[in-house]
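J.: Given chain V's structure and the hints, the job is docking chain P onto it.
Number of protein chains: 2
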Amino acid sequence: MQIKLIDGGVVAPEGFFASGIATGIKPNDVNDFALICSDDTAAAAGVFSGANVRSNSIKVVMDHIANGYANAIVVNSGNANACNGQQGISDAKQICSLVAEQLSCEAEDVLFLSTGIMGKPLPMDKLVPSVENLVGNMSDSGNLDAIDAIMTCDTRRKEYAAEFKLQDETVRIGVMVKGSGIYYPLMGGITVIITTDVNISKALLQKSLETVVSKTFAKISVDGKLAGCEAAVALANGQADNSGIVSQDNAYDSFTNVLQYLCSNLCKDLVRDCESSKFVDVCVKNAASSEEALTLANAIASSSAFRDDLAEGICDVSSIVNALNGSGIAFTESMLDVYLGDVQILRAGSVADWDADAVNALLAKNEISLTVCVATGTFTDKIMASLY
Amino acid sequence: MQIKLIDGGVVAPEGFFASGIATGIKPNDVNDFALICSDDTAAAAGVFSGANVRSNSIKVVMDHIANGYANAIVVNSGNANACNGQQGISDAKQICSLVAEQLSCEAEDVLFLSTGIMGKPLPMDKLVPSVENLVGNMSDSGNLDAIDAIMTCDTRRKEYAAEFKLQDETVRIGVMVKGSGIYYPLMGGITVIITTDVNISKALLQKSLETVVSKTFAKISVDGKLAGCEAAVALANGQADNSGIVSQDNAYDSFTNVLQYLCSNLCKDLVRDCESSKFVDVCVKNAASSEEALTLANAIASSSAFRDDLAEGICDVSSIVNALNGSGIAFTESMLDVYLGDVQILRAGSVADWDADAVNALLAKNEISLTVCVATGTFTDKIMASLY
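Taken in sequence, the protein lines are chains V and P.
According to the numbering used here, the residues represented by the first sequence are 1 to 388, in order.
According to the numbering used here, the residues represented by the second sequence are 1001 to 1388, in order.
In isolation and in its complexed conformation, chain V is listed as follows (with noise of 0.2 Å):
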C-alpha cells in the first residue's frame, strides 16, 4: 500500500477545520483553546486512560462519546479541570453547550477536553467570552493554531497527514498529539487527536483506534515512567465516500496500519521532545504473558541506571539484571538471555564473551533496541524509552 505523507493535520482529510486562540488561561498571550470540527456530524471514538481521578471534562466527553457520535472536539490547556468538585462537571457541559450553540449542533456532539494543573477550577471568565470567537476563527488551515494551543510542556509541534487509496477512493487521516516532557503518567499524560474523511462504522473506528493506541501511546516510556495515554479521541466524517468499512476486512486493515503508521511516527516525535534525542526500544519475548513481558520491559525501561548506562554509551549487565529483579516477576536465571542489537549479551544467565567494537557501534546509535527472552512462555510485548 502507498502512503503519502502530505500536509495540514488535523484539517487535511476533507470537511475538517480548526482554530486555535489565547484566552489569557497561559501567560504571554499563548493559545490555549482550540476548536477541531467535522462539517458533518462524525462518527467518534475514545480511548481514555484507566485513572481513578479524572478531568471532569473526560467525565463529560465519555459521557457524550457514548452513542458514538459527534461533530466538534474543543480542548483548552493550562487547567484539567480536575480534583475541583461538582463544579468542574457543569463548568464542562457549559462550554460544551456554548460551543454546540455557535455551531448549530447538539452539545451532546461537542467533546470538551481540559489539560494542565489540577485542583483549580476552569478558569470560566476566560473560556466563556472566547467561544464565539474560537469558532468564528475556524478554517481549514488552522491545525498548527490549534496544535499551538493543545501543547503543554511540548517544545515542538506534533502532527501528521496521510494520504491512501481505500475502496477506490483517496481517502485521509490526520493526528495531532500533546504530551512531551511529561512526568506524570495518565493524567496530564499525552492527548490524541484524530481526524479522517473515511466512511467507517462507529464500532469499527473505535476498535482500530483501540488497537492503535494500545501498540503506540500506551508503550512510551519518559523519564523512567510509562507515560500513559490520558485520551484519545476519533472523528471520521466519511467525506471520502470509499464504500465504508463495516467489517475487519482488508479496508479495515489498511486503516488501521496507516493510523498506527502516524501514531508511530508521533511516539517517536514526542520521545524525542522530551529532551532527548535517543531512544531505546526494550522488547521482552517469551514471557507467560503479555503484562508480564510488558511489565519486564517496564522495569528496564524505567531503570535510571540501565537508562542512565545506555546514554554514557555503557553495557553494564548489572543495571539490566537488577531491573529485572526488581520487577516483580519470576524467572529462572539459567533461561535468561539478552541481546543489545543481535549481540548476546546474557546466554543462559551468564554474560556472554561479547565484542565489544560491535557493543561500541550499536550505542553510538540514536536509536538502540534491547531484546530480553525469559523462556517463561510465548508473550512479547514492547516499549519505547527516551534516554536522557
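Restraint ranges, calculated between C-beta atoms of paired labels, are given here:
id, chain 1, residue 1, chain 2, residue 2, range
1, P, 1353, V, 210, 38 to 44 Å
2, P, 1355, V, 332, 50 to 56 Å
3, P, 1004, V, 330, 41 to 47 Å
Cut-off 30 Å, straight-line C-alpha distance, at most; resulting in silico cross-link-like pairs (DSSO-like, lysine-lysine):
id, chain 1, residue 1, chain 2, residue 2
4, P, 1120, V, 285
5, P, 1278, V, 120
6, P, 1165, P, 1268
To be clear, the hints were calculated from the coordinates, so they are not data collected in a lab.
Cβ atoms here follow ideal geometry from the backbone N, Cα and C, with glycine treated the same way.
T.: Only chain P this time, still in chain V's reference frame:
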C-alpha cells in the same frame, strides 16, 4: 524499656570479632574483604531478596544457613559473584572452606556474601591469598575495618549497637549496613549484618529478622525505586546468658523492638547518605490489602514529579494524584483524602482549602510525611523515600 546506644557496632555483643582488609579488588588500597565472627557457633538467620538472578555467593549462603547455625560471615565488595556461571558457585565454596580451615570450623558454618559489579569472575587471585591475613587480623575492635570493606557507593559508615536488659541480663545487639546510593533494586542493594549475644532460638531469630526487615530495609525508596534488601544475616551466640527466648513472649517482643529501633535508624542513615538531606514518609491507609497499600505508597515515593515538588518546597496535588492514578490500583475519586503532615490537602477527591503557611512550614522540614487514605479497606503500609 531502657535502650542504651553503645559503641562497637557488630563487635559490641560478647564474643564477636571482626576484621577488614584490602585485597586489591578495589583500587587505592581500600578495604574490600571483611570478616565478622563469633567465637562459638551461633544461631543464624537470613533474609534474602526474591531476585531471580542471584549472586552465586548468596546461593551458597542460603545452603549453608539452612541448618540455622553458623560461626562467621565473610563479605567481599567490588564483585557480586553473579552472572558468571557455575565457576561462581565453586569459588564461593572455596572461600568458605579456606576461612573455615583458619577458624577451625566447618565450611558450612561460614556465610560468604559478595557485593559489587556483576558478570565478572570472582577475583580468586586476590581473595585466596588474603584469607589468612583476614582471619589473623580479627579483633574485638575490628568493626570499622569491616564496615569499610563492605561499602560500595556508601559515603559514610553506618552501624549501631545497643545494650538493654532482657530476662535479668544485660544483652547487646550490633548492626552494620551498606547500600547507599543504590540505583539497583534487590541485587547490589542493601546488605545487613547483625550480631547479638542474646540467647534466642534459631527459629525465633529468623522470625524476628524477617519481621524487622519487612518493616525497615524493605521499605526504603531511593532514586524513585524501592531499594530492596539483598541480604540480611544475623548471628546470635547466646553469650549474654539470658535464660533464652523460646516463644513469642515479652522477651521476644523486646528483642524485636530493639532490633527494629536500630534498623529504623540505619534506614534513615541509608536514605540520608543518598546525596539527600531530606526524606519523606509516604503512608497509605485504609487500603484493600497490604500489597495495595505498598503499591500506592511506592507509586508516590517513586514519582520524580512528587519528589521534585517536595525538594523544591512545593505541594502540588497534580503530582500526588497522577502518581496514584499511575499505580494500577483502583479506588474511588470521591473517597480519596490526602494529608501533608496534619494538613488536609485533598478532601473527597477535591482540593481542600489548606493553610499555605502551615503547609510551607511542613515543607521546610527535613522529614516530611504524606498520608493517603483510599477507603478501600483497612490495610496500611508506608515507605521512606529520599528527596534529591
